[in-house]
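*Asks:* Read off the chains here:
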Amino acid sequence: MTVQGKSGAIQVTGEVLGLRRAGEYHVLTLTAPGIAELTRPGHFVALAVGGPESSMLLRRAFSIYSVQSRGVYGGTLEIVFATHGKGTEFLSRLHRHDTIDIVGPLGRPFALPKEPVSCVLVAGGYGSAPMFSLADALRARGCRVDVVLGASTESKLFGVLDAKRIAASLTITTDDGTIGEKGRVTDVLPAVMDRVEAEVIYACGPMPMLRNVAKIAVERGAYSQCAVEEAMACGIGVCMSCVLPVIGDDGVTRMLRSCVDGPVFRGDRVRWDDVGTIPEGTLGAPVSGGH
Amino acid sequence: MTRAVITHGPRPDERDIVPDIDMSTWLAGLELPSPVMTASGCAGYGRELDQFFDIASIGAVVTKSIMLNPRSGRPTPRMAETPSGMLNSIGLQGPGVDTFVERDLEWLRQRGARAVVSIAGGSVDEYTRIASKLRHVSDIAAIEVNISCPNVENRGLVFACDAGAAADVVHAVRRNTNPGIPVLAKLSPDVTDIVTIAKSVVDAGADGLSMINTLLGMVIDPDTMRPSLAGVTGGLSGPAIRPVAVRCVYQVHAAMPDVPIVGMGGIRTGIDALEFVLAGASAVSVGTVIFNDPGAPARITRELAVALAERGFDSFTDAVGFAHRDPSVPASGGPVATHAGDAVADRDDELDAGVEG
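Read top to bottom, the protein sequences are chains A and B.
Note that numbering that gives the first Met the number 0 has the first sequence beginning at 0, numbered continuously upward.
Note that numbering that gives the first Met the number 0 has the second sequence beginning at 0, numbered continuously upward.
Just so you know, these hints were derived from the structure itself, not from any lab.
Just to be clear, a hint being listed does not mean it is correct.
Covered, in the sense of this in silico footprint (three residues per stretch, anywhere, with C-beta under 8 Å from a C-beta of chain B), are these stretches of chain A [to be verified]: (1) 7-17; (2) 49-57; (3) 232-238; (4) 276-284.
Computed spacing ranges between beta-carbons, pair by pair [unchecked claim]: (5) VAL286/A with PRO326/B: 51 to 59 Å; (6) THR82/A with GLY28/B: 50 to 58 Å; (7) PRO207/A with ARG134/B: 44 to 52 Å; (8) LYS214/A with ASN177/B: 48 to 56 Å; (9) SER23/B with GLY7/A: 23 to 31 Å; (10) VAL123/B with GLY280/A: 25 to 33 Å; (11) ARG134/B with VAL286/A: 22 to 30 Å; (12) ARG134/B with TYR72/A: 52 to 60 Å; (13) ASP53/B with MET206/A: 33 to 41 Å; (14) PRO82/B with THR82/A: 17 to 25 Å; (15) SER23/B with TYR72/A: 42 to 50 Å; (16) ARG225/B with ARG69/A: 48 to 56 Å; (17) PRO51/A with SER314/B: 26 to 34 Å.
In this text, a Cβ means the ideal position worked out from N, Cα and C, and glycines have one as well.
With the hints as extra help, turn the sequences into a complete structure.
*Replies:* What follows is the structure, given as structure tokens:
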């Protein structure tokens, strides 16, 4: 596997080129000169919300759905979001030509296999956003790409048409059975993996999904790359909000920052069952009680 | 003395030309080329921010508080957004002083940045041991003693909330630190009378004061109906606390005008920084705004220079404590008192930049 070198992030003023609905989600297209050109699959951007006098100080982090590094507007990128708070409500009310402060590209992108192996991409909800540029990159390396998308209901799936275009096979699950198989992505993943003899699993979605995907990958001897969705305040590595317990090469568990050490982690290295805690034995953990 | 003409038009951050003002300042024998520093805990050890501006160009990097040993910090969630602010319960996560000196301080040194090293401990003994380890480390601009972090094991034992305990820590650090390096004590606003605490730590050997640390706060999630933070309570920071911080700086400067103060608490713009300077701060730290705008330290430095020039100051130090001066007595080395009215007009114009004054 090769991990793309960490390139520096920049801060730019982007301009809104478009905002469209996609099921229950919004797709925001922004100019992002200098960011789009550096973006690799799995990178994310952090947006300031509410304008320069905003009472909302914390940046909102979004994985990058697509980038266009050339064109009429120069570098542009697209993000996908659901409105579930004041910050995303602000984004949903943006208009063409509004400006927004963007920092990116941030984080460590997906590691890509050196060999043309069989890969399964698994995503829950709009966690699929980074998967399509990843699929392009994998296919460019000669990898077979199969996709599993899941959501609670049909309108909360994102990118079904993209997936059909790009994947050797697409399997859909919904909790309510409105489309595809009724159930969770992890219900169908083992069969898909066995059918395509998958060697690498790429996943993005909620923590419980990632935990189960990582477990299934380990059971089948596959390598997994999981992009986590952790709450962040800054996105650039200075606030220490977005930590989770990850086992290092030396076997020691450390509280790593999702924003700069992730958001993509090896699935077998994250202590999924201990997310939200400081597990015993973590470097610097309290001997008893909490800090 | 010449009075600058207050110009109307673009906001300071949109101006390309930074006025020719002497921005250097002094903190207890330490000369800084710029009065704007980062606030501890909001800038890591400087490396991440160097992507966004030249980290060596600002007054100093105040590093995240370092403890004797590696520290995991608290469980997540560690952060909650609040109106014009945020609550944090990080719990002083860090690599421990040895790794910090070898890796992070060394990076700052090679980068040519000034480092104010923030230290924290759970006991007087821990502060003593950290100070001793730093005693022979070169290239430390100052030590900031964090005696006011609310995210400690025993929240009832914040040193800065007790004059005696605060003095004990500062005395131990001062005695074990290189005498040539200023020791700044970082104070908590969560006290009955901050002047009492300030006098106590100055008597114990603090060369200067950093004010203020966060205020202890709490958020309850209306959906889960439980505290939002894993640590239950956390430190409130951001513009929401700025008036509290300005008040603390003003009160302490009034009581001890010769003690240098680093002012901090919700600074978002150069005008905000100016408030602290007028209240008596010889330097300022910017913290939470960095999460919103990683380029903020450099931007605020430019904005502060513009704000000073607009008010007729030739040098930064002339503005320190200006709010304490008798408005009926014309001051030397600064703008005339009637200028204050123009300054108010300027702020109104910012709200409506289209109106000609």
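*Asks:* Could you run down the list of hints and mark each one as holding or not?
*Replies:* Against the structure, the hints come out as follows:
1. 7-17: holds (count 4)
2. 49-57: holds (count 5)
3. 232-238: holds (count 6)
4. 276-284: holds (count 6)
5. VAL286/A with PRO326/B: 51 to 59 Å: holds (58 Å)
6. THR82/A with GLY28/B: 50 to 58 Å: Cβ of THR82/A to Cβ of GLY28/B: about 54 Å, so the range 50 to 58 Å holds.
7. PRO207/A with ARG134/B: 44 to 52 Å: holds (50 Å)
8. LYS214/A with ASN177/B: 48 to 56 Å: holds (53 Å)
9. SER23/B with GLY7/A: 23 to 31 Å: Holds: the Cβ-Cβ distance is about 30 Å, inside 23 to 31 Å.
10. VAL123/B with GLY280/A: 25 to 33 Å: Given about 29 Å between the Cβ atoms, the range holds.
11. ARG134/B with VAL286/A: 22 to 30 Å: Because 28 Å falls inside the window, the suggested range holds.
12. ARG134/B with TYR72/A: 52 to 60 Å: Between ARG134/B and TYR72/A, where Cβ atoms are some 56 Å apart, the hint holds.
13. ASP53/B with MET206/A: 33 to 41 Å: holds (38 Å)
14. PRO82/B with THR82/A: 17 to 25 Å: Given a distance of about 19 Å, which is inside 17 to 25 Å, the answer is holds.
15. SER23/B with TYR72/A: 42 to 50 Å: holds (43 Å)
16. ARG225/B with ARG69/A: 48 to 56 Å: For ARG69/A against ARG225/B, whose Cβ atoms are near 49 Å apart, the range 48 to 56 Å holds.
17. PRO51/A with SER314/B: 26 to 34 Å: Holds, at about 29 Å.
Checked against the numbered hints given earlier, this structure breaks none of them.
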